[in-house]
Amino acid sequence: MRTRFRKNFPIFLLIVVLAVVTAIGAGYFHLISQRIYEDSAGHLREIYGQVNRAFGAFVDRNWGLLDGWGEYLSLMEESGNEEEVSEYLTGKQAYWGFSDFYFLSKDRTGMTLEGNTEALDLGEETWETLCESGEPVMAGQKRSGGQDVTVFAAPVKPGIYKGVPYDAIAVAYTNEDLSRTLKVDAFSGKAKCFVIRKDGGVLLSTQSGGGVFENYLVYLKAASSLSDAQLQQIRDDLEKGDSGLARCRIGGVDQCVLYQPVGYQDFFLLSAVPLSAVSAGFLSVQKTTVNVLIVIFLLVGAAVAAVFALRSHNQFQKNRMELQYRERMFDVLSNSVDDIFIMLDAGRHNVDYISPNIERLLGIPVEEARQDIRVMEKCAVNYNVVIPKTELEAIPLNGNRYRECEYMHQNTGERRWYRMTVYHMEIQGMRKYIIVLSDRTLEQQMNQKLQEALNAAKSANEAKSNFLSNMSHDIRTPMNAIVGFSTLLEKDADQPEKVREYTRKITASGHHLLSLINDVLDMSKIESGKTSLNVDRFSLPELLEELSIILMPQARAKDQTFTIHVQGAPPEQLMGDKLRLNQILINLLSNAIKYTPEKGKIDFLVAELEQPAPQYVKLRFTVRDNGIGMSEEFQKHIFAPFSREISSVTNKIQGTGLGMAITKNLVDLMGGIIELKSKPGEGSEFTVELSFVLPEQEESEAWYRQKVTRMLVADDEKEICLDIQELMRGSGVEISFVTDGAAAVDAAVEAHRRGEDYHVILLDWKMPGMNGVEAARRIREQVQTGVPILVLTSYDWADIETEAREAGINAFMSKPFFVSTFWNTVKPLFLAQEEAKPASESGEEHAMDGKLFLVAEDNALNAEILTEMLLMEGAHCELAVNGREAVEMFERSAPGYYDMILMDVQMPEMNGYEATRTIRASSHPMARTIPIVAMTANTFAEDVRNAMDAGMDGHLAKPIDMDKVRELVGRLLKRNEAE
Amino acid sequence: MKKKGIFLLLGIWAAALLLSACGGAGKTGGVSLTVMGKKSDLAKSYMQKVFEHYEKETGNRLEIVSFEDDEYEQKAAEAIGNGKAPDIFLHFHNADLSRFDVAGNFMYLNDQPWAEDLTDSARAYCEDSEGNLLGLPFWESSVSGCYYNKTILDSLGLKPAATQAEFDMLCGVLADLGYTPICWPGDGCTWMMQFGLDPIFADDPDMLEKINRNEISYAEIPEVESMIRWIGGAADQGWFGQGYLDCGWSDIGPALSSGNAVMTFIWDTWFYTDFEGDGKYTVDDFALMPVFMGTVDGGTYEGGNLNMMMVNKNSERLDDALDFLAFCATPENYNTAFDGISTVSCFKGQTTNIQSRMVTDAKASIAEKERVSTAASRIVGYSADDVAGAVTDMLRGKTDAAGCVQAMDECRRKNAAMQGAEGFPGE
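Protein chains in written order, with the working numbering: chain H, 1 to 979; chain L, 980 to 1406.
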């Protein structure tokens, strides 16, 4: 109660102040009004006193005139000249303005100057006063036609006019005329003034038209606010001949009614004047005072209101600021969490508040949600996220409801899980629903992950069991062969044929066992996350050439068509892990060959995709076959480890089931994607998309390029010719092309005839009509120049190599055409020409013949095997048992003594890497150029990278595969020779 | 036997019928006069009485040709124009007579013996501008003026106005006291305007001549605009009360009867035919004073509009027609016909009619200020509806006083032109 009083005290105080001010004002104005009224009454008395006196003077004057004219008539009576009398009085009439002149006789009749007699109703009392008392009188008279006149009469010496005796004479003024005489101009013409008798009967009015008032007391009684007592007072005053003043309301106007005796007979001058007219001046002052006071009060009130408004505004601003701070803080808080807060008006269900993080979490713009909360339904996944109105209204005050909801982000599609709790509460008398959406996404995701992990664990366990089962079988099978044939070998050691047969089978089983171990180790390393990429510059054409070299024999073995296509002009130099890329593509291609029946077709396509960034290139590698294909079910888990489709066909094909899992993991590791399309019986298509960094351009040695300015290309596919033309644009080589062999011969002959021989002729092998080899032969026959002739082919040229070289073909190039491959192919030919040496006739198979290797190997058994293998290749070696010894042996050697160093990595005292670094750092003349090849059981990419980082030139995995040794050694030696 | 009896009866009946027919013809002389008039006019009791009396006394027959009221002007004009003019033609004396070629078709009756018996006002009404008596006024007549509630005025200590200023004062005082001074039925006050216009043209025949020759217009007559301005001023000051523009003929009685309205401009017989209300005030409470409409200071009364019996000068039965008028103008006959009818006398010897107290009380004033109905009956092209319409438009604020006068002029000229009046070229 007390608090309430305190709270309302300012209003109470304001009311009191207003009441006091109003009371003071009312008292003041009453006082002022009273004073004004009194002053106005005095003013009114003064004015109408003057009017009264003027009227009295008018009456006196008329009576005086009548007296004078009476004497005149008395004098004229004797002369009897009535005509002169008439003329005289007519002149007076014109002068004084009266309407009629009467000769009155005691018989109550009057005669006009013209002699017309009429009865005059002046009233008996008036007649008696006039005739009996001999006193002048004033009376009203209505003339025929209704016009009112006032008659002034005075007794005169009796006489006779026009034969009629008279005792008095009179003049009559029309009341209209008199009203002009007595008109009061004061009070703006709003005053009415009457000469009345004491009974209220109106004799005349000073106002035009006032003749309609017959009895003013009757009028006052009917029309004024005067009480009976006040009216009686007026009657009494009139009866007694007293003056008086009354204030009343007539016709809705406050008026002053003033009456004063005229002083003749019982006539009174009565005036009714609007109070506003009487007190106009005073009222003006009063009005001004009131206006000033009102203005002052308004100003004071406005000032007070302004102060209150300012305080209120400040308070409001403060409150608003606080509210804004809180709201802002809440916004920030809600933005930092993943819970969503909504406040709804319980009546209209309008949104009063919604936390701004709704846009981040669900992709719903805040304003959109604020306008209609039902917009959240668009994000609903499992439930109607807006609780129905009936359900909301069913929540009791201070109660709550909750439900689990799943939403999906409108833009990203991200799913989130919430617990929606609706609280029904009352805030400052307003019913509200507070909706809190508590984020349960992490919890849900964790549960999902746990579930997935559980599933994975189960699956892994299952896979492990399968793996062990598979491995058990797969390892035991070759091991069984190795052990079995080894036993047979011992038993049949004296039979060379059987020994060779047994050793061949042991070797094959060993290779299979080795590939199995390699895959398992690879997979193990990838899955343990220990695999890293060895990114280095590599040549795409070289990569494709190597793939062709490796896979073409396999395809040829199954009589399959294996074609490599390059679409567009992908860059030839790339930065990437060539080894891993090779691994990916060999896996895909070898599978394609493996699972495609004989005479099948395998296409390998390389295409450049849209450049993702200036320094990047994106390539798509497509491996397409028309092999056995895969079931849809198998496609779903082809990339899972140890997955192999079980069928009558596949069961006959050896494999670990790890190849595709490794491939997938490697593609992932390289940030690419791998996709598969396949139909059983129709074939499969694997697509790998990978991005590579473009290396900085190298200035290549180009002296020999100046020697090639004209080149002839012959290919029955015109597109290939145009591609070559396009690829060679800017190289300074003018490309002419023809589309068949005969035309090529003609072109070469014609050029020779003109003395403009081509510097290089590039012939497709297989062309309709005349093939490339035949064309080359004809050219050599007709054009006796040493122009290099190259064959461009998609096929393995091994079968025709001898014939081709006999026909005069200098070199072979695999399709597709790469500029760098071209130059690399052409370069040795020109070098040979320069040195006038014939083209090398030695192949890789003879690369090791007569070479001396320094072999660093701590394992005696491995050292022995290697030594024997090298001997088989016609090479020799000197052994070092560790890295240090190898270093020492090299340093002691003469330059060129060793052709190559084969370096084990894991060795006592000094490992292979350190030994290599030491050799490279040594002062030996061959320190930087002698090829050093790692020879190790460490076969992972980082092992290769470590080897390269240490300064080695190549890497060979143990157990030693002599084919690979031969290939690598041949390449390195050739490189050294070229340099 | 039976057959003989039947033939005998039939013979007696046929002989009686023949005797009856022969006897009637001998009594009437066989003259048949045609009388053309409005259906409602001919249905008046005093008309029926005099017609029956005439046929009975003279044995002549009257063939009545009547038309509906709203068709009368048109059909009568067509009949007369087609040579089918009646012997006796009934018409009020107003400007519409011009379409009937009065001089060519009807006889002037100045030398008829009954002409001397007409009251001054009745005779004046029936004369044209050259003093030719056009017909016998055989009609009920009344005095139009300002009828006021004397009881109310007396209770207020007020008296009737004698001048325009007093009338204005009276209206102002009544309005101040909450009364509606004048009952002015805005929707249909067609008759009121002529009261104000009458004295302008009645007092100045030359003015009437000029306006009928289209030599002057209302706009050039100050009193006309004065009247219009007075009406506008009265409305502005609330003297017509609230909502008066939506009031009509039927609202006058209740307004006066209740005492809400104190005065109205009407005629005395209205109090006996149409005055209905709640009965608070009756005809006994009313009295008559002149109409004040801003035209003449002393006010005016309008004499009655009379239906005249006009005689076809080309009639083959001209003498019989004149005899018929003489029959009607015989004191015995008109006193028989008007016995008990409330009307102002048209004949000096009229004694059986009833004259209202109001008119009797104002006899002296009427004698001084009465004018013959002039505006409506003498101004060529005058249409009470048109004038009332123009005034109402002004009162509704659609135009001002000058516009109102201009509209009155345009309507008048248009009507006159349509009537083919001389000096008013057609459009």
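Hints listed in this document are in silico derivations from the structure and should not be mistaken for laboratory results.
Bear in mind that the values here come from a model prediction, so they are computed numbers and not experimental data.
Be aware that a few hints might be false.
[To be verified] Think about it this way: if two alpha-carbon atoms lie no more than 27 Å apart in a straight line, the pair counts; the simulated BS3-like pairs of lysine-lysine are:
1) H:Lys-958 with H:Lys-594
2) H:Lys-221 with L:Lys-1259
3) H:Lys-142 with L:Lys-1342
4) H:Lys-601 with H:Lys-449
5) H:Lys-636 with H:Lys-449
6) H:Lys-707 with H:Lys-618
Q) For the pair supplied as a hint, Lys-707 (chain H) and Lys-618 (chain H), is the alpha-carbon distance within the 27 Å limit? A) 34 Å, violated
(Q) What's the verdict on Lys-958 (chain H) and Lys-594 (chain H), does the C-alpha distance respect the 27 Å limit or exceed it? (A) Holds, because 25 Å separates the two Cα atoms, which is no more than 27 Å.
Q) Does the structure keep Lys-221 (chain H) and Lys-1259 (chain L) at a Cα separation of 27 Å or less? A) Given pair Lys-221 (chain H), Lys-1259 (chain L) holds - Cα atoms ~21 Å apart, limit 27 Å.
Q | Pair hint outcome, Lys-142 (chain H) versus Lys-1342 (chain L) [Cα-Cα no greater than 27 Å] | A | This hinted pair holds, its Cα atoms lying about 16 Å apart.
Q.
Holds or violated: Lys-601 (chain H) and Lys-449 (chain H), Cα atoms, limit 27 Å.
A. Given that 27 Å is the threshold and the Cα spacing comes to 43 Å, the pair is violated.
Q. Given the hinted pair Lys-636 (chain H) and Lys-449 (chain H), is their alpha-carbon gap at most 27 Å?
A. 20 Å, holds
Of the numbered hints given earlier, the model fails hints 4, 6; all others are met.
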